[in-house]
Amino acid sequence: MIALVRCDDRLIHGQCMTVIVKAYDIKEIIVVDEFTATNAILKTVFKTAVPPSMKADVFTVPDALPKIKEALTNDVRTMVLMKSPIVFVELLKAMEELPKELNVGPMTKRKGSVAVHPAINLIAEEAEAVKEAVSMGAHVFFSQVPEQGRIEWDEVKDKF
Amino acid sequence: MLGIVVCTHSDFAQGIRNALEMIVGEQENFDVVCFREGEDMLELSERIKAVTDKYEKAGEKYVVCADLFGATPFNASAAALAAFDTSVVTGVNLPLLLQLATEREFCEDYDEFLESALSGAKDNMKVVRMKDMFSE
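Listed in order, the protein sequences are those of chains E and P. With this note's numbering applied, the first sequence corresponds to residues 1 to 160, in that order. With this note's numbering applied, the second sequence corresponds to residues 1001 to 1136, in that order.
So that you can see chain E by itself, here it is in the shape it has in the complex:
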């Protein structure tokens, strides 16, 4: 089952990851990132950050589709992780059955980005992708870690 669909522009990393994995009782991570999936060194680097008890792999969008479909039908609590809402929209378009809920986690402050939360910043293209996802019927919420609560898209959409 897909327990969480999340974006975090650092993908699998440090402490935030540990917290999320525990909070959602995640057993498997499907990372969807073209750049990392096609770079053997980066792929190894990201897989190294995963605790040994966890299964994780990195895929391009087309390669991720069958993996996500498989996860939807089994009972392994799986997280689908990507760098940005732009990839979420690509997945939504490619896959009818994808859970229509996205947790936007930490997104680095970048040139021209707007803060939704001190640790969650969106550039224009990402905000556009969130709008598109919402228009396709997806629920998009912002949350770094569950304890901090959620910010709903409706509360922040006027910033963009």
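Don't read these hints as lab results, they were simulated from the structure. Each residue gets a CB set at the ideal place from its N, CA and C atoms; glycine is no exception. One should not assume that every hint holds.
What the simulated footprint calls covered on chain E by chain P, stretch by stretch (three residues with Cβ under 8 Å from a Cβ of chain P suffice, anywhere in the stretch; the number is not a length) [unchecked claim]:
id : region
1  : 2-14
2  : 37-44
3  : 105-117
Cβ pair distances, simulated, as ranges [unchecked claim]:
id : chain 1 : residue 1 : chain 2 : residue 2 : range
4  : P       : 1018      : E       : 139       : 34 to 40 Å
5  : E       : 53        : P       : 1111      : 25 to 31 Å
6  : P       : 1103      : E       : 112       : 18 to 24 Å
7  : P       : 1025      : E       : 101       : 55 to 61 Å
8  : P       : 1014      : E       : 96        : 50 to 56 Å
Cut-off 27 Å, straight-line C-alpha distance, at most; resulting in silico cross-link-like pairs (DSS-like, lysine-lysine) [said to hold, decoys possible]:
id : chain 1 : residue 1 : chain 2 : residue 2
9  : E       : 67        : E       : 55
10 : E       : 111       : P       : 1049
11 : E       : 157       : E       : 100
12 : P       : 1126      : E       : 47
13 : E       : 47        : E       : 67
14 : P       : 1049      : E       : 109
15 : E       : 22        : E       : 109
16 : E       : 109       : E       : 159
17 : E       : 111       : E       : 131
18 : E       : 43        : P       : 1049
19 : E       : 83        : E       : 159
20 : E       : 109       : E       : 69
21 : E       : 83        : P       : 1049
22 : E       : 93        : E       : 159
23 : E       : 83        : E       : 111
24 : E       : 69        : E       : 83
25 : P       : 1131      : E       : 47
26 : E       : 93        : E       : 69
Please arrange chain P on chain E, whose structure you already have, making use of the hints.
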């Protein structure tokens, strides 16, 4: 002499260098790389490589000390050094750097040297209960 490179989130690397040099004096073959907010992992990786290149070119040993296993300074170090016969030590702290800096001129076996510095650093981390320390 074994090179030391410290790579951390924000100014920690520069700060720990200052602390280290306050204790043991100015260090040669010592570089800090501070990961900045908004910096891309691959940019950071390039900066690490720019610093470690001099050791690779000279065929000299060096160690990269990163602050957190699995976090960007570590990931960027690993991406930079994937092709080389070197090591990254994670969880950098002052006891670790002190031991690396003061004993590196006597380093013979690279792997053993790093393991020994790491275990020394771990031994230096303690919970000291004031009640126990000052009881009769």
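Query raised in the report: Do three or more residues of the region 105-117 of chain E come closer than 8 Å to chain P, measuring C-beta to C-beta?
Result: holds (count 4)
Query raised in the report: Would the pair residue 67 of chain E and residue 55 of chain E pass a check requiring their Cα atoms to be no farther apart than 27 Å?
Result: It holds: about 12 Å lies between the C-alpha atoms, which stays within 27 Å.
Query raised in the report: Is the straight-line distance between the alpha-carbon of residue 157 of chain E and that of residue 100 of chain E 27 Å or less?
Result: Distance ~18 Å between residue 157 of chain E and residue 100 of chain E Cα, so the pair holds.
Requested in this report: Can you take a look at whether the region 37-44 of chain E is actually covered by chain P? Rule is 3+ residues, C-beta closer than 8 Å.
Outcome: Holds: 3 residues of the region 37-44 of chain E have a Cβ under 8 Å from chain P.
Requested in this report: Go ahead and decide if the range 18 to 24 Å is satisfied by the Cβ distance of residue 1103 of chain P to residue 112 of chain E.
Outcome: violated (48 Å)
Query raised in the report: Is it true that the CA of residue 111 of chain E sits at most 27 Å from the CA of residue 1049 of chain P?
Result: holds (25 Å)
Query raised in the report: Regarding the pair residue 109 of chain E and residue 159 of chain E, is the alpha-carbon distance no greater than 27 Å?
Result: holds (15 Å)
Requested in this report: Given the hint that residue 1049 of chain P pairs with residue 109 of chain E, test it: the Cα-Cα distance must not exceed 27 Å.
Outcome: Measuring from Cα to Cα gives roughly 24 Å; hence the hint holds.
Report task. Could you check the hint for me, namely that residue 1014 of chain P and residue 96 of chain E are 50 to 56 Å apart, CB to CB? Result -> holds (51 Å)
Requested in this report: Assess, step by step, whether the Cα of residue 69 of chain E is no farther than 27 Å from the Cα of residue 83 of chain E, and give holds or violated.
Outcome: Distance ~20 Å between residue 69 of chain E and residue 83 of chain E Cα, so the pair holds.
Report task. For the pair we were handed, residue 83 of chain E and residue 111 of chain E, check the Cα-Cα distance against 27 Å. Result -> Distance of about 17 Å is within 27 Å: holds.
Query raised in the report: If you check the beta carbons of residue 53 of chain E and residue 1111 of chain P, does the distance land in 25 to 31 Å?
Result: Holds, at about 27 Å.
The structure shown violates the earlier hints numbered 4, 6, 12, 20 and 25.
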